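Trainee: Respectively, the protein sequence lines represent chains G and D.
Okay, so the first sequence: first residue is 1 according to our numbering, each after it adds one.
Okay, so the second sequence: first residue is 135 according to our numbering, each after it adds one.
Any given hint could be a false lead.
Output of the computed footprint for chain D on chain G, the stretches with three or more beta carbons under 8 angstroms from beta carbons of chain D [what the hints assert, rightly or not]:
#1 20–28
#2 75–86
#3 127–133
With a straight-line cut-off of 35 angstroms between C-alpha atoms, the simulated DSBU-like cross-links for lysine-lysine are [stated by the list, open to error]:
#4 G:K75 x D:K267
#5 G:K26 x G:K91
#6 D:K164 x G:K26
#7 G:K83 x D:K294
#8 D:K164 x D:K294
#9 G:K91 x D:K164
#10 D:K294 x G:K91
#11 G:K112 x G:K26
Negatives, chain D to chain G, calculated, CB over 12 angstroms [what the hints assert, rightly or not]:
#12 N167
#13 F184
#14 G244
#15 F320
#16 V326
Just so you know, the hints here were simulated from the structure itself, not pulled from any lab data.
This structure is a prediction, so every number in the text was calculated from the model and none was measured.
Beta carbons: idealized from backbone N, C-alpha and C, even for Gly.
One-letter residues, chain by chain:
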Amino acid sequence: MGKYTILEDNILAVFGTPAWSAESIKTFPANFVAVNSGNEFIRVSVVPASEGINLNSVSGVLIIDIFTPAGVGLKRCSVIADKLDSYLVGKSLSVPSGSLQLSDSSLAHRGKDADNPALHMSSYTVPFNYFGVF
Amino acid sequence: MAHINSIGAGMFSDLAVCKDPAILAAVTPKIANGTITSADFYAGFAAADFTGNTAIRITNVREFPAMGTPPNVVNVPVYGSATSQQIQGQADAPSMELTLNYIPADWASGTLLGDLVGDGNQYVFRFSLMNSKPEGAEGYASSATGLGDVQNSQYFWVGKIEALQVTPQLTDANTATITITIQSDFFGAYTV
């Protein structure tokens with residue numbers, strides 16, 4: 001299994017745990033056609049866009065778009081971001097042939113969603129490093 | 135747990151000091167006669183020591199120095215040889231400078247850490263290299279349910295906290311540099 005597949009599988013696996021499911025926040029991977037997504041959900045994109053420390057490593061950023069109802073303030077978005085922090089920030093995931101570490105997060109409010117103005121979108125980002133070994 | 139077995143960043147590395155004179159008295163002769171073991175050091179960093187304030191974490195470290203004694207490699211000319219040889223000479227005793235994100239309340243006079251600065255006494259120090267946060271029942275204790283909750287490598291030495299220098303920052307967090315002198319060899323790496 002290659003490093004990109006390992007990344008995708010192990011990061012998305014965080015959102016398949018019973019603990020995250022219990023948060024009751026609908027979660028979709030990027031490039032997934034969601035049905036009945038409602039007015040509150042998140043969209044997870046793994047972007048391994050930077051070089052790693054060796055040929056088997058890669059770094060990048062995990063971008064999670066948070067969608068909440070437009071016109072009701074940003075509190076809910078911040079609450080979801082805090083929940084994401086507790087599952088992601090500073091975590092080390094043991095993965096095949098290496099380790100995956102996530103560092104500190106940030107949150108940017110993007111305003112009304114272009115495709116659905118009834119929703120507000122914020123981007124929550126966490127840089128990550130995947131350290132592969134030979 | 136075990137030693138860290140993969141490449142990674144030591145994001146949750148930790149420095150702690152044991153101020154219990156009984157522990158220092160116990161380890162000093164064993165260091166001198168070469169019978170020191172990891173258990174002797176662990177005794178100073180049990181869960182009860184952290185709650186009883188005889189072991190204290192030095193938190194908010196911004197930058198760690200290299201841990202260990204630097205080598206003193208000496209080049210020795212060899213007659214008739216195209217290259218010299220190298221031998222390990224007696225190494226200079228290192229001093230260690232740590233940069234902290236400074237919280238004055240943690241280091242004020244009369245506090246657990248503040249009183250250690252420049253008091254001239256030796257203490258047992260522990261550096262723990264960790265890539266993950268230990269979330270066991272005993273927190274940062276050197277035990278299976280403390281640091282043993284995650285992969286860890288621990289190093290111990292005897293030293294003194296000689297100085298604390300505060301650097302005010304106008305646009306960043308205030309920082310401080312603490313200087314620790316090393317009074318023994320480094321021992322480790324151990325793991326729990």
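Trainee: If a hint holds in the structure, say so; if it does not, say that too.
Mentor: How the hints compare with the structure:
no., hint, verdict
1, 20–28, "violated (count 0)"
2, 75–86, "violated (count 0)"
3, 127–133, "holds (count 4)"
4, G:K75 x D:K267, "holds, 28 angstroms"
5, G:K26 x G:K91, "holds, 22 angstroms"
6, D:K164 x G:K26, "violated, 59 angstroms"
7, G:K83 x D:K294, "violated, 42 angstroms"
8, D:K164 x D:K294, "holds, 19 angstroms"
9, G:K91 x D:K164, "violated, 38 angstroms"
10, D:K294 x G:K91, "holds, 33 angstroms"
11, G:K112 x G:K26, "holds, 19 angstroms"
12, N167, "holds, 39 angstroms"
13, F184, "holds, 21 angstroms"
14, G244, "holds, 33 angstroms"
15, F320, "holds, 25 angstroms"
16, V326, "holds, 18 angstroms"
In this structure, the hints that do not hold are numbers 1, 2, 6, 7 and 9, in rising order.
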